[in-house]
Amino acid sequence: MNKGENLWETVLQQLDETAKRINLESWIHKKLRKSKRELTVSIPVKMDNGSVEVFTGYRVQHNITRGPAKGGIRYSPEVTLDEIKALAMLMTWKCAVVNIPYGGAKGGVACNPFKMSAEELERLTRRYTSEILPVIGPEKDIPAPDISTDSQTMAWIMDTYSIDKGYSVPGVVTGKPIAIGGSEGRSEATGRGVVYTLLNTLKHLNLIEGKKVIVQGYGKVGSVAANLLFKEGYRIIGVGEIDGAVYNADGLDIGRLNKHRKKSGSIVKFKEADSITNKELLQLKCDILIPAALENQITKDNASRIKAKIVVEAANGPTTPKADKILKEKGVFVVPDILANAGGVIVSYFEWVQGLQSYFWSEREVNLKLRDIITKAFYKVLEISLKKKTSMREAAYSLAVNKVAEATRIRGLYP
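With the numbering used here as the guide, the letters of the sequence shown map in order to residues 119 to 533.
Careful: at least some of the hints might be erroneous.
[What the hints assert, rightly or not] Distance condition first, Cα-Cα at most 30 Å in a straight line; then the derived DSSO-like pairs of lysine-lysine:
1. Lys283 <-> Lys330
2. Lys397 <-> Lys329
3. Lys329 <-> Lys521
4. Lys505 <-> Lys443
5. Lys154 <-> Lys521
6. Lys233 <-> Lys329
7. Lys505 <-> Lys494
8. Lys443 <-> Lys498
9. Lys321 <-> Lys446
10. Lys149 <-> Lys494
11. Lys258 <-> Lys149
12. Lys380 <-> Lys330
13. Lys164 <-> Lys283
14. Lys149 <-> Lys138
15. Lys448 <-> Lys397
16. Lys440 <-> Lys521
17. Lys521 <-> Lys258
[Unchecked claim] For each label pair, taking beta carbons as the anchor points, the in silico distance ranges come out as:
18. Glu501 <-> Lys258: 46 to 56 Å
19. Asn414 <-> Lys380: 48 to 58 Å
20. Pro439 <-> Lys349: 43 to 53 Å
21. Leu531 <-> Lys164: 19 to 29 Å
22. Gly449 <-> Trp145: 35 to 45 Å
23. Val253 <-> Lys149: 44 to 54 Å
24. Gly351 <-> Asp282: 44 to 54 Å
25. Gln270 <-> Thr174: 17 to 27 Å
26. Leu531 <-> Glu398: 44 to 54 Å
27. Asp361 <-> Trp145: 14 to 24 Å
28. Ala367 <-> Ser169: 23 to 33 Å
29. Glu350 <-> Arg423: 22 to 32 Å
30. Leu474 <-> Lys403: 42 to 52 Å
These are computed hints drawn from the structure, not numbers from a lab.
This structure is a prediction, so every number in the text was calculated from the model and none was measured.
Ideal placement from N, C-alpha and C gives every residue a C-beta, glycine not left out.
Given only the sequences and the hints, what does the whole structure look like? Please build it.
Below is the structure:
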């Protein structure tokens, strides 16, 4: 079973368990187990050497009962339809748990962006956009950046879509450059949301500041979270990315680590820290563990060796169901992905709203509104968790699925 199939099985299991827990009607349960639309496309691209490569891309819309579909686009050799289906379903729950009026979607192209030039990536992006163009749009499905895509990718998508329509349509994507309708605060939003969620967790657990933190994954989310926490006085004792991890029991100087990474292209071989593996990183003694890499990082094989008191899931699906049960038995407080990493889609929603009214907010306004929405969602999930004596993940799923189910009942079946 590949990684994508694993994640798909995980999200289906989480839905099935939630449906049973909340006594969900059978017809709604069956409907939510299926994607509304799954599009697979072939993407022929002329490479720099004159050859033509044909890539496979996907766009999946899981549910649009509460509003337009919303979800990122990732470029990775490991992209599969099962993975994209799973991530689209997670987006449905994520939007519902923070109460923004979107459904879930996800897109991806199976390619290795690190072996492609900027020109090849532009041609790939524009052709992919033209292939999925019939199913996206400001009121239908709004893509955003994800793994190995960024604001420039979104600019190419917006431009290609706009050329087809004959006029500028900035609302077709979020995560755009500010010069063409992007929002202040969007690039840091997911990592900032992780930090806000962690601060709420520490307040609830009545734990003092200055705790020891490990961040696995130092990309667009993990690096932002690490930098913000470092500035707040937290001791970041370990950081990992794809090619290895670094550890210093006394705490890493994140500023100097960033300079080393910029100069060398990697965090490894940082002179002020010991080099370790990502496997070792996850099992180090710490107060807070932030998995911010890929899915299925905490499994039944290593969950018993996790020494953190708090796990804040900055990545999508980093903990398998069996591992989740082990962490629960150990008394680890886990903040689930659909709550912890919702900052990105919240500020994407802000960008969409600002674009619709052509009135843009300051970064301070964006951050305050983000903190307000994610804090309200945290305490709503916490309230359910305490009332039902269940985990934060179970509470978050109950809240999310109930919201989608309520909208489904009200709208009914057609015909």
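- Could you tell me which of the numbered hints above are not met by this structure, giving the numbers in increasing order? 1, 3, 6, 18, 19, 20, 21, 23, 27 and 28
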